[in-house]
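Peer 1: Here's the letter readout for the chains.
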Amino acid sequence: MFEICLPVILGGKCIPSTALFGQLLIGLINGSFYALLSLGLAVIFGMLNIINFSHGAQYMMGAFAAYLLLQFSGMNYWVALIVAPILVGVTGVLIERLLLQWLYKLDHLYGLLLTFGLALIIEGVARHYFGSAGLPYTVPESLQGGRNLGFMFLPNYRAWVIVASATVCFATWFVIERTRLGAYLRAATENPALVRAFGINVPRMITLTYGFGVALAAFAGVMAAPIYNVSPQMGSELIIVVFAVVVIGGMGSILGAILTGFGLGVVEGLTKVFFPEASNTVIFVIMAIVLLVRPAGLFGRRA
Amino acid sequence: MNKTISLAALAAIFACGTAAAQQINVKVGVLTDMSSLYADVTGPGSVTAAKMAAADFMKDHPNVKVEVVGGDHQNKADVGTNIANQWYDVDKVDIIIDVPNSGVALAISEVSRQKNKVFVGSGPASSDLTGAKCSPNTVHWTYDTWMLANGTGKAIVKTGGDTWFFLTSDYAFGHALERDTAAVVEANGGKVLGKVRHPINTNDFSSFLLQAQASKAKVIGLANAGGDTINSIKQAAEFGIVKGGQSLAGLLVFASDINALGLQAAQGLIFTETWYWDQNDNNRAWTKRWMAERKTTDKVPTMNQAGVYAGTLHYLKAVAALKSAADGKAVVAEMKKEPTDDPLFGKGTIRADGRKIHPAYLFEVKKPSESKYFGDFYKVRATIPADQAFRPLKDGGCPLVSG
Chain L
1 MFEICLPVIL
11 GGKCIPSTAL
21 FGQLLIGLIN
31 GSFYALLSLG
41 LAVIFGMLNI
51 INFSHGAQYM
61 MGAFAAYLLL
71 QFSGMNYWVA
81 LIVAPILVGV
91 TGVLIERLLL
101 QWLYKLDHLY
111 GLLLTFGLAL
121 IIEGVARHYF
131 GSAGLPYTVP
141 ESLQGGRNLG
151 FMFLPNYRAW
161 VIVASATVCF
171 ATWFVIERTR
181 LGAYLRAATE
191 NPALVRAFGI
201 NVPRMITLTY
211 GFGVALAAFA
221 GVMAAPIYNV
231 SPQMGSELII
241 VVFAVVVIGG
251 MGSILGAILT
261 GFGLGVVEGL
271 TKVFFPEASN
281 TVIFVIMAIV
291 LLVRPAGLFG
301 RRA
Chain C
304 MNKTISLAAL
314 AAIFACGTAA
324 AQQINVKVGV
334 LTDMSSLYAD
344 VTGPGSVTAA
354 KMAAADFMKD
364 HPNVKVEVVG
374 GDHQNKADVG
384 TNIANQWYDV
394 DKVDIIIDVP
404 NSGVALAISE
414 VSRQKNKVFV
424 GSGPASSDLT
434 GAKCSPNTVH
444 WTYDTWMLAN
454 GTGKAIVKTG
464 GDTWFFLTSD
474 YAFGHALERD
484 TAAVVEANGG
494 KVLGKVRHPI
504 NTNDFSSFLL
514 QAQASKAKVI
524 GLANAGGDTI
534 NSIKQAAEFG
544 IVKGGQSLAG
554 LLVFASDINA
564 LGLQAAQGLI
574 FTETWYWDQN
584 DNNRAWTKRW
594 MAERKTTDKV
604 PTMNQAGVYA
614 GTLHYLKAVA
624 ALKSAADGKA
634 VVAEMKKEPT
644 DDPLFGKGTI
654 RADGRKIHPA
664 YLFEVKKPSE
674 SKYFGDFYKV
684 RATIPADQAF
694 RPLKDGGCPL
704 VSG
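The listed protein sequences correspond, in order, to chains L and C.
Counting from 1, one number per residue, gives the positions in the first sequence under the working numbering.
Counting from 304, one number per residue, gives the positions in the second sequence under the working numbering.
I should point out that these hints are in silico values taken from the structure, not numbers from a laboratory.
Ideal Cβ placement from N, Cα and C applies to all residues, glycine included.
All clues given are correct.
Okay, the calculated bits of chain L under chain C, using three or more residues with CB under 8 Å as the criterion:
| hint | stretch |
| --- | --- |
| 1 | 21-34 |
| 2 | 130-136 |
| 3 | 151-163 |
| 4 | 232-244 |
| 5 | 260-273 |
Chain C extracted, bound-state conformation:
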């Protein structure tokens, strides 16, 4: 101990008080789903993304030492909370990032506020994170339910899809997505003809699809996620839903889902995302690196994984500017003060309620004949500008905004 102190004293003398030589240690915890439903959407690929951000940042800032750890919350709020407590109290983790599954994310947001650390959500969907449940220690990066509903719902109604039938996953997330989308559809002059709520992890959707078919609605909205969405789309193709003139609207779809479906089954599907690997040279170059790190040739990164990279990078910039990661609230305030600028999401901002603002894109899945190489999945149907993509600040009911 004595030795350490004297060494530190010696170091301080040599440093002569110059700030540049001050070493800052930061520990980033990627809390995610490593082994289940969302492991491909986030999971180990998110840890890789965070490590890439750390490596890139340390290259330009040799005085900052970043360490990245990963954890599996198993989609259980109690497991996630335990890991977060352990990380914050014992392992000296400064920030938790990613956290797919809205239920777990809301719990982690609360823990981070209590311990005055930082939570950057890339995986979760619930817009409550920057609404009623917003926190001065939380930033919500990639997407949210309001943005998905608004992007997909509005675009489809405006192009003539004015009657809807919902296939809704029967839990909080599905209900929220259905509610938000129905509101957008009706506000734009469309009509909801019916809905059916299915239990989570349903294998066979044919019965529900027949009901949707019988409703004669022009659009079937899929307010579900993961395996449920994949099964709905696969079986809708089989039952000739799209050939029969109805179209499918995926309300939460990731590149990994399209990969699992194959273009034959997924073609023509319309949905909203905020990032696509093949959209520009920066994204392509990053994807190449990501695939090399992951040692994969048959997977492409999702928007959530891109969000983990960008979120980590912006967080590290704020820490470097403050020269300390100790005060989580101050770091988040700094993150909000400085405009964001990273290779993947470009220039953007973080709003007072913690909402990261960037454009969203309406994508359509290509036909197999249009796809030229592996991962050539989407074409852009429309760009939703940053100032229209997310819920207006005043509508969220976030206490940080009202004062």
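Just chain L, with the same shape it has in the complex:
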């Protein structure tokens, strides 16, 4: 066992290398939430050109849906993991059909304002009915406990979080970048008129894409319910960071969103060890630097 130290100029704090492994792993786990959420944002922005500010509220809706399903129909975590995203995804489809579809021809700002307003309404309604303190939700029986990895105690649930989110992220990337369906989607964003001429129902595809992006947020919400406080404001606290992640990765870049999500989780985790007071700001510092050096983001293409 040896110690790893920061340069004196940054405080010179030392921690044992084994502890560092633990912190790296923790960072990766938190990164999985960033990755899932920024992935949804990137998908929606890439295909609809909408900056979905209600993403945080939809993440919260996922967690609340899991709670309500358990409370009123006894549906356990595993079922909720499938059902809650579908339910919340359907509300996304309704939002797209009723509201968003009228805004595509207008400036980005209108979509941003609309979704931001929706987020405030959803949060307000949740607070009215459930209060601000939060709702209890426990870790599913089969994932309770944990194992000792030698350098840290890893709760089983966290191991599941990292596996599940990596799988979902990879599958989404694969579908969009490597399949025929994904090719249609990408073509429809480049030139919708031409794709329509081939007989493909572009508006329906866009509606379903928004629904899917929203479902991803809800999926992250269900994953978060057992370990984070399930409260109306849970989404708005997280979403600002996730927007920074998307900006760093490059707006609309699927792979960028995933890799930056995991990467920044690790960076934030290390900051929590060496300089905890800055752990909420480190991502924004990185964002500022990236915007100065590569305005299109790390993985973004120049417009």
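Knowing the structure of chain L, use the given hints to seat chain C on it.
Peer 2: Using the frame of chain L, we list chain C on its own:
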């Protein structure tokens, strides 16, 4: 106008100067957090509590007419100050009560002193309200940081928890709580092994918890509040902190937090409060009424909401005794002169520095198997008598005390 005056004159003739018939109007302003972090700890439930106190008081004193209004300070000192000015200058509010968030409370205390009105704090934590920043127009009712640190810190060190690691919210409130608790721990022969300061509204505490775990401290002190405390406790359970032999000490925990956590995650947590709904028949009866007024079956009142009820009641008694609410300083002096006696906090006093004195209780959260019905959260570990629960008068540095 003329009509009003002649009516008043007529009324005066009929009243023939008997004091009993004199009508006193009082307006109570509940300034609180309606929509954010502390809305469940105080918020609309505090307004309900004040209205209950008003109704109870008017039943026995038909000559006093009490009106209750509520306001949302959004946890911003400037918003709170604006509402207070509007209330005092335009809306004829006589007293502001509750005000969670120490920052806003200190501002409201100052406004109330300038306008010679009354401020009764139930929500705020900072012991400065009755220390260096005390005011002849302010009463601090329910709890404060010194009491929390002293109650929890001392009790835990005495039962063997003599090494501590702090998870501290990185702003004035967290620093004060950590400082006060560390002082108590060290004064009782304990040792502080380390601390980590996290930004407010942090989602994930696992990194901090691993550091706390590595410190091998027997006790992890949570010098934070609201969502941060809930997340720390929830994740400490997940990382097996308590099962691994370390214990958690919540330095500011409310019944609503335990409700949000569930007993599975919160069990074994030790902390100090001054009021618990299920402690005696009076509290239970009041809680039943409160729940009916709030139309809720899944929330229980917190000590802050109980403090709003008791504080309003005692204030109204002082106003009735003086037959006027006009002079805030005189009303507070009267509140200090008369011993307090209400169904929720029992008999007590208000000290020269504005500190309300009552016992505090060290509670432990029950195991899920011990909880028999909704809201059956706590068992009492120890009672801290009223004369030991709060900071000694001479230590606060309040100018009202020294002369």
